[in-house]
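Undergrad: Below, each chain spelled out in residue letters.
Number of protein chains: 2
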Amino acid sequence: MSNVKTFSKSNLNRDLFAISMDTSLKTSLQTQLRGALHDIISASPDLVGARLPSSRTLASELSISRTTVQAVYDQMISEGYLVTRQGSGTYVASDITHLSQPQPIFRPAAPRTEPWLPFQAGLPDQSLLPGRQWARHLERAWRAPAPELLGRPDPQGWYPLREAISDHLAAWRHLKCDPGQVVITSGAREAFEVIFHGLLGTEKTVAIEDPCWPKLHTILTDTGNRALPVRIDKEGFAVDRLPNEAHAAIVTPSRHYPTGVSLPLPRRIALLDWARQTGATVIEDDYDSEFRYRGQPLPSLSGLDGLNNTIYLGSFSKLVSPALRIGYMVVPKRLLQKTLGYLERTGPRASLIPQPALGTFMNSGEFAMHLRRMRRVYARRQTHLLGALTPLSDLLDVKADSSGMHLCIGLRERLPDQVSDLDVCKLAHKHGLQLGAVSKHCVLPNKMQGLVLGYAAFEEKTLSDAANRLVSVLRSAC
Amino acid sequence: MSNVKTFSKSNLNRDLFAISMDTSLKTSLQTQLRGALHDIISASPDLVGARLPSSRTLASELSISRTTVQAVYDQMISEGYLVTRQGSGTYVASDITHLSQPQPIFRPAAPRTEPWLPFQAGLPDQSLLPGRQWARHLERAWRAPAPELLGRPDPQGWYPLREAISDHLAAWRHLKCDPGQVVITSGAREAFEVIFHGLLGTEKTVAIEDPCWPKLHTILTDTGNRALPVRIDKEGFAVDRLPNEAHAAIVTPSRHYPTGVSLPLPRRIALLDWARQTGATVIEDDYDSEFRYRGQPLPSLSGLDGLNNTIYLGSFSKLVSPALRIGYMVVPKRLLQKTLGYLERTGPRASLIPQPALGTFMNSGEFAMHLRRMRRVYARRQTHLLGALTPLSDLLDVKADSSGMHLCIGLRERLPDQVSDLDVCKLAHKHGLQLGAVSKHCVLPNKMQGLVLGYAAFEEKTLSDAANRLVSVLRSAC
Chain A
1 MSNVKTFSKS NLNRDLFAIS MDTSLKTSLQ TQLRGALHDI ISASPDLVGA
51 RLPSSRTLAS ELSISRTTVQ AVYDQMISEG YLVTRQGSGT YVASDITHLS
101 QPQPIFRPAA PRTEPWLPFQ AGLPDQSLLP GRQWARHLER AWRAPAPELL
151 GRPDPQGWYP LREAISDHLA AWRHLKCDPG QVVITSGARE AFEVIFHGLL
201 GTEKTVAIED PCWPKLHTIL TDTGNRALPV RIDKEGFAVD RLPNEAHAAI
251 VTPSRHYPTG VSLPLPRRIA LLDWARQTGA TVIEDDYDSE FRYRGQPLPS
301 LSGLDGLNNT IYLGSFSKLV SPALRIGYMV VPKRLLQKTL GYLERTGPRA
351 SLIPQPALGT FMNSGEFAMH LRRMRRVYAR RQTHLLGALT PLSDLLDVKA
401 DSSGMHLCIG LRERLPDQVS DLDVCKLAHK HGLQLGAVSK HCVLPNKMQG
451 LVLGYAAFEE KTLSDAANRL VSVLRSAC
Chain B
1 MSNVKTFSKS NLNRDLFAIS MDTSLKTSLQ TQLRGALHDI ISASPDLVGA
51 RLPSSRTLAS ELSISRTTVQ AVYDQMISEG YLVTRQGSGT YVASDITHLS
101 QPQPIFRPAA PRTEPWLPFQ AGLPDQSLLP GRQWARHLER AWRAPAPELL
151 GRPDPQGWYP LREAISDHLA AWRHLKCDPG QVVITSGARE AFEVIFHGLL
201 GTEKTVAIED PCWPKLHTIL TDTGNRALPV RIDKEGFAVD RLPNEAHAAI
251 VTPSRHYPTG VSLPLPRRIA LLDWARQTGA TVIEDDYDSE FRYRGQPLPS
301 LSGLDGLNNT IYLGSFSKLV SPALRIGYMV VPKRLLQKTL GYLERTGPRA
351 SLIPQPALGT FMNSGEFAMH LRRMRRVYAR RQTHLLGALT PLSDLLDVKA
401 DSSGMHLCIG LRERLPDQVS DLDVCKLAHK HGLQLGAVSK HCVLPNKMQG
451 LVLGYAAFEE KTLSDAANRL VSVLRSAC
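As given, the protein sequences belong to chains A and B, one line each in that order. Residue 348 in the UniProt record's numbering sits at position 348 of the first sequence; the count goes up by one each step and never skips. Residue 427 in the UniProt record's numbering sits at position 427 of the second sequence; the count goes up by one each step and never skips.
Zero decoy hints are in this set.
The list makes no distinction among identical chains, and a pair is therefore deemed to hold if it is satisfied within one copy or across any two copies.
Pairs of lysine-lysine residues, derived as DSSO-like cross-links and limited to a Cα-Cα distance of at most 27 Å, are as follows:
hint	residue 1	residue 2
1	K440	K338
2	K338	K176
3	K338	K215
4	K426	K447
5	K204	K215
6	K338	K426
Hints are computed from structural coordinates only; laboratory data are not their basis.
In isolation and in its complexed conformation, chain A is listed as follows (with noise of 0.2 Å):
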């Protein structure tokens, strides 16, 4: 790992620096700064042999006189701590473990950062980002940084990227929004906190799709509100179960999260009349649509709704790099203020290194050269999945899903009934695959049976290396 430290001799003059003198205690500076030395020696015995500072150097870093520097490095030479070599300087000695015992500080190697296996779902190929384009965005950013970035920081979010946002909004999903309606965030959990936390209240029932994205439940639980799972059916969310106590819905329409499903023009129209009649706000997460590889998407439900009872998410994990961690979110115009003054009470959580350079990634027509660079790629890759697992087609209802990064495989119709998505899932996991099992997206009896295959981010050689092993573990269990 190239950036772990290795220069631990030459810690010694930042150690040495850092020590500060006091004028007005009874202890003379003599005293004070031979004990600072002291310390500093005995806890590092890496510093055997280390050249210390000449005394004038460190006399005018410390802001004392020379005369007292020389006296402390004499007295310790005296002591056996330090050892002086003819025209050379003063060193650490290399024999002080009888003069102290120095306590090691117990470092563990450093943690093995874990590939992702085949089939993670969620991940997009981030070995394909452009990265010397991304690398000099970051570097223009920050090497003179413009006194906007270093001034009292927006609460909503660095503007130029709230304006980037508006215009990808407005051209990739039909939702046009004043860049001053956009908030960044440092993803959704932050988007759900700030939603109710600042927005609606705590204490909420919220209506959610099941099966759904499992953290949900978690982050409406973290945040003081109850889930109100509804069952999805072949069409997406059941709006005509929705029931009228919920005080809001969180939705996925794209692209039902994880079966894939795209809610009907019909429903959605059902939805927002649901909203409108109730009072309920509509909160639609839109993850990944831009990955759409036939057909003309539906336009976002909050367009479709010109952001009234609506509030929309999105993210960069998907599109860019989770490493960003940048997300943000849409919100009507008569809950801006209230939004304001719950970011100003609570302050930023997003950092803002990256977004200046997110700004001009996308203004520079980068980021959507990359999109559908992606788009072409992960079609492909779709593609090839789909090759390699027709050999399961006795087994699996395998289709072809028109956008996306995973295929999300129902299970019950032709399996053995003993056999549930969590066998496979664990099966395969022994042999390397992480799959996601539907049954642990969902909470509602009955739960739904079926397979998540991520497929965006490995590469057409591994998807038919890791087919193949599912072809073995699914006929080894049936």
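With chain A's structure known, arrange chain B on it following the hints.
TA: Okay, now just chain B, sitting in the frame of chain A:
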């Protein structure tokens, strides 16, 4: 603002290339493309006169035949939406307003970033950041990112940065910890959320200092706890007033916020005894003690405790820049597994983008050099401010502070009774000064009265001018 988008016409290509075509629909590709192109042109009046891509380019981008594109271009030329110029291509017609009523998006001017007003506290001088070095660290980390940066993210944060923090704490804060005990957060708010939701549990009674950082009350309420303020005295946190029912105490022992009092050793020992006896946890918020100008700093409370019943909180907001949004917590080894479990359940929020750059910035020694430089600069600025405030010595008890980035000036003794610190702050704000009122940091009755004057971020000339203005404000009020 240099990052604001200026290429509206080149957005046409971006929008066009984002169109998806669906061969499985009943609608012909020609109709689909015509509809999409019509929508794009109608929505953006500023596209008038923009040049369209050649039919060959657009056909290739959309994976459809060139004939289809040419047919749509021809149709829309005949409808009046497009015009063709001999040998030079196809353009959006200049008068399409009669053809459709485009709805322009309301776009307010970009908000002006507010500058920081003199005496704003808690702010480093970011104009003195080594921008070139910092930008180079960012560029190097992300130009060809290490595979570890793109793998499954470590829920505790980037390991080499945690190692650098562990080294820094050993050298500057006499706190020895394993890098495995360090957790990177997006700031104090996230740290408290992890502590209460993940480690200690909610519905706790938490002793806090009065006065204290005002946001602490909100954070404790938001995380589902009860704050129990304990009034400080001249020696800081009054440990003997700590009620036994408290489950935790949040303290600033190195430098009480905002008064600047350092907790004496006997009280530190008593506080740790209390924690040991009652099973409570002490949370040490060590926010700016690296900037010490005189005297050996007391070791951190957590260092004294050996991190048994203490959790240590640090941040780079004041040491480097608030733009980073990078803080950290150091947890006792016995709480590590619980911490990890919570982080894995809820996911990281701190952006990974700045972390490797901050790690190499620290390991290269540039960070320590920056801290030493800032320490000299801030010490000079404090001395300068003290001098500029001498004309007020009959009204205010202005004393030098051995550390920190602001002065806290008690008010009650010499000012007329009817003048409160809030009055002074309001009046000063009218004269462009951002003073803090100590009473706004209190909730207990008989609120303390005082002024908080940040000096770190302001040049000496600015401080002189601001001090002069403060002199006339106070003279006019008394």
